[in-house]
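There are 2 protein chains.
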Amino acid sequence: MNMFMEKAIENANKAFSKNEVPIGAVIVLDGKIISSGFNKREKTKNALHHAEIIAINKACKKLKSWRLENCEMYVTLEPCPMCAGALANARIKKVYFGANDRTSSDHLFEKILTSNRLNHKCEFQQLEEYQESCAKLLTKFFKQNRKS
Amino acid sequence: MNMFMEKAIENANKAFSKNEVPIGAVIVLDGKIISSGFNKREKTKNALHHAEIIAINKACKKLKSWRLENCEMYVTLEPCPMCAGALANARIKKVYFGANDRTSSDHLFEKILTSNRLNHKCEFQQLEEYQESCAKLLTKFFKQNRKS
Chain D
16 MNMFMEKAIE NANKAFSKNE VPIGAVIVLD GKIISSGFNK REKTKNALHH AEIIAINKAC
76 KKLKSWRLEN CEMYVTLEPC PMCAGALANA RIKKVYFGAN DRTSSDHLFE KILTSNRLNH
136 KCEFQQLEEY QESCAKLLTK FFKQNRKS
Chain E
16 MNMFMEKAIE NANKAFSKNE VPIGAVIVLD GKIISSGFNK REKTKNALHH AEIIAINKAC
76 KKLKSWRLEN CEMYVTLEPC PMCAGALANA RIKKVYFGAN DRTSSDHLFE KILTSNRLNH
136 KCEFQQLEEY QESCAKLLTK FFKQNRKS
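Chains as they are written, first to last, in this note's numbering: chain D, 16 to 163; chain E, 16 to 163.
Keep in mind that the hints are not guaranteed to be accurate.
Because identical chains share one entry, a pair is satisfied inside a single copy or across any pair of copies.
To be verified - Under the rule of at most 25 Å between Cα atoms (straight-line distance), these lysine-lysine pairs were calculated in the PhoX-like manner:
{"id": "1", "residue 1": "K108", "residue 2": "K77"}
{"id": "2", "residue 1": "K22", "residue 2": "K108"}
{"id": "3", "residue 1": "K29", "residue 2": "K162"}
{"id": "4", "residue 1": "K79", "residue 2": "K22"}
{"id": "5", "residue 1": "K60", "residue 2": "K76"}
{"id": "6", "residue 1": "K79", "residue 2": "K55"}
{"id": "7", "residue 1": "K76", "residue 2": "K158"}
{"id": "8", "residue 1": "K136", "residue 2": "K77"}
{"id": "9", "residue 1": "K108", "residue 2": "K58"}
Worth flagging that the hints you see were computed from the coordinates, not collected in a lab.
Starting from the given sequences, assemble the full structure and let the hints guide the process.
This is how it looks when you write it as structure tokens:
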């Protein structure tokens with residue numbers, strides 16, 4: 016059991032309970048969670064408010080720096096291009112994700128994080144033991160939403 | 016002369032005067048500028064604070080919507096992956112940029128904006144008549160910074 020991913024899932028569940036697409040994230044520095052976020056695009060009516068962006072925003076404020084160089088992120092879903100770019104821009108050391116993004120046939124996530132264009136390469140790793148639980152949460156949400 | 020790009024350049028100049036990498040943007044709806052932004056990563060110590068993200072954030076607040084469907088952006092430099100992803104997520108109709116990004120050998124910007132992964136395709140066009148002036152502003156900034 017990975018305590019940090021469990022916390023990210025807790026955040027995803029908070030999003031679910033508020034009728035938002037259930038994705039959650041935490042940022043960890045020196046073994047401690049320094050910020051967290053869950054998707055709140057509908058509530059705040061803001062296209063930028065993905066879990067990852069909210070967590071990065073809070074971490075920059077907390078550390079008073081745009082460089083999150085020794086920080087790691089745990090997020091329930093493989094990040095979208097915006098969030099992948101933000102991870103690189105914030106110089107996050109490594110991102111661990113739960114479910115992979117099945118719509119991502121063009122591997123943009125990997126292309127962005129391994130791009131020579133960016134000054135920083137953020138490492139990435141799927142925690143495969145979380146694939147099922149993180150994906151199920153999303154499926155459940157979309158099924159429920161289609162019904163209502 | 017493109018009035019909107021001229022305004023974006025004005026914003027880039029504001030960034031320059033505050034010792035930030037000089038990039039500026041505006042968002043236009045129905046022929047009017049509804050929001051603008053310039054890079055302030057150093058001042059706010061926030062990795063997310065690129066010109067485009069600031070402008071999108073303001074536009075979402077102004078329109079009380081995460082969907083900026085009929086909006087267009089004018090920005091002085093070809094957007095980075097984070098900002099390209101944000102343009103798609105915000106469903107911006109079209110982005111016009113001044114200088115192209117010479118470091119972008121892997122064409123990530125185009126790959127992100129034409130990806131089938133995203134629900135929305137944001138059109139894009141370089142205003143080639145602005146390549147030189149927008150690029151020069153950046154060169155001048157980096158030269159000055161290297162000296163000091």
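Of all the hints numbered above, which does this structure not satisfy? Sort the numbers upward. Result: hint 7 breaks, nothing else.
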